[in-house]
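Just so we're aligned, residue 1115 is where the sequence shown starts under the working numbering, counting upward by one.
Heads up, some of the hints might be wrong.
[What the hints assert, rightly or not] Cβ pair distances, simulated, as ranges:
| hint | residue 1 | residue 2 | range |
| --- | --- | --- | --- |
| 1 | LYS1325 | GLU1234 | 22 to 28 Å |
| 2 | GLY1214 | LYS1325 | 17 to 23 Å |
| 3 | LEU1182 | TRP1343 | 21 to 27 Å |
| 4 | ALA1124 | ARG1270 | 31 to 37 Å |
| 5 | ALA1259 | PRO1186 | 34 to 40 Å |
| 6 | GLY1260 | TRP1343 | 34 to 40 Å |
| 7 | THR1192 | THR1222 | 21 to 27 Å |
| 8 | GLU1193 | ALA1354 | 35 to 41 Å |
| 9 | HIS1347 | VAL1196 | 21 to 27 Å |
| 10 | GLY1227 | LYS1325 | 28 to 34 Å |
| 11 | HIS1348 | GLY1227 | 36 to 42 Å |
| 12 | LYS1325 | ALA1258 | 22 to 28 Å |
| 13 | GLU1117 | LYS1356 | 45 to 51 Å |
| 14 | HIS1179 | GLU1138 | 49 to 55 Å |
I should point out that these hints are in silico values taken from the structure, not numbers from a laboratory.
All values derive from a computational prediction rather than experimental measurement.
Note that beta-carbon positions come from the ideal geometry of N, C-alpha and C, so glycine has one too.
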Amino acid sequence: MAELTDAELARYARQLILPEVDLEGQSRLKRGRVLIIGGGGLGTPIAQYLAGAGVGAIRIADNDHIELSNLPRQLAYTEQDVGQFKADVLARRLVEGNPGVAVDARVTRFDSGSAPSLLEDIDLVLDATDSLQARLDIDRATFAAGLPWVMGAAARTSGQWAAFDGGREQGCYHCLVADADQIQEAGCAELGILGPVVGLVALQQSLLALKYLLGANVPWGQLRLLDAWSGEHHDITIGARKNCSMCQNER
């Protein structure tokens, strides 16, 4: 068990009261190591909530610069940050908020070349990319490494999220996106996005991450689709697809 300092006991006092966390759980969070891929609308609140909760090591991978159009939904940044690398600025913000968290900023994109280094010594991966292709790359890399990951996506006033256990039991992201090569991808820049919607998705991803790190039950392979404007949502059980081009061929 990672020993908590007096300062940490004071900082996390409110969540230590919770039976879902307690001293043992907080120590688990302190030992936790996560990779957040993307420092934008999803990545910034995910990083802030995980750092705030006391996750001990957070690695951020993003090679984008901060733009003025990011500011309505990427609340970790200010106008003075425009033009700087998201990973670097977000890392500074996290350490300012919680100096006890080790933050590793990587100004790089996630792909097959960078994956081995980015996944090294990581317990859980969080997708915050706004990119179908990136999610497929994450799925391949985490499946190969046997690592769990949490995906999230948001556009217009809708969002979705799911957790995958590395493809071992509940299928993989490729099982969900059967015809990925035929899909015409569009992101927030083309479709638009309302800030609170991306925040809702990020909060759900953060909660799934905390549940995993705390050793709680995680609904692997369950995709939730949310229409935030109407408040309606429904769930899809993904399951392993018999002819999946990735996980069934690898087994």
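Return holds or violated for the Cβ distance of HIS1348 and GLY1227 against the range 36 to 42 Å.
38 Å, holds
Quick one: are GLU1117 and LYS1356 within 45 to 51 Å, going by C-beta?
With Cβ atoms ~48 Å apart, the hint holds.
Measuring from beta carbon to beta carbon, are THR1192 and THR1222 in 21 to 27 Å?
At roughly 24 Å between Cβ atoms, THR1222 and THR1192 fall inside 21 to 27 Å, so the hint holds.
Could you see if the CB distance from LYS1325 to ALA1258 stays within 22 to 28 Å?
For LYS1325 and ALA1258 the Cβ distance comes to about 24 Å; the hint holds.
Outcome of range test on Cβ distance (HIS1347, VAL1196; 21 to 27 Å)
Since the Cβ atoms of HIS1347 and VAL1196 sit about 35 Å apart, the hinted range of 21 to 27 Å is violated.
49 to 55 Å was suggested as the range; check whether the CB atoms of HIS1179 and GLU1138 agree with it.
Hint violated: Cβ distance 41 Å, outside 49 to 55 Å.
That 21 to 27 Å hint for LEU1182 and TRP1343 (C-beta), does it hold up?
Given range 21 to 27 Å: holds, Cβ gap about 25 Å.
Do GLU1193 and ALA1354 keep their Cβ atoms within the hinted range of 35 to 41 Å?
Between GLU1193 and ALA1354, where Cβ atoms are some 47 Å apart, the hint is violated.
Range hint 17 to 23 Å (beta carbons of GLY1214 and LYS1325) holds or violated:
Given range 17 to 23 Å: holds, Cβ gap about 21 Å.
If I claimed the Cβ atoms of ALA1124 and ARG1270 lie 31 to 37 Å apart, would that claim hold in this structure?
42 Å, violated
Given the hint of 34 to 40 Å, check if ALA1259 and PRO1186 actually sit that far apart at their C-beta atoms.
Check passed, 35 Å falls within 34 to 40 Å.
C-beta pair LYS1325, GLU1234: status relative to the range 22 to 28 Å that was hinted
24 Å, holds
Against the hints set out earlier in the document, violations occur for numbers 4, 8, 9, 14.
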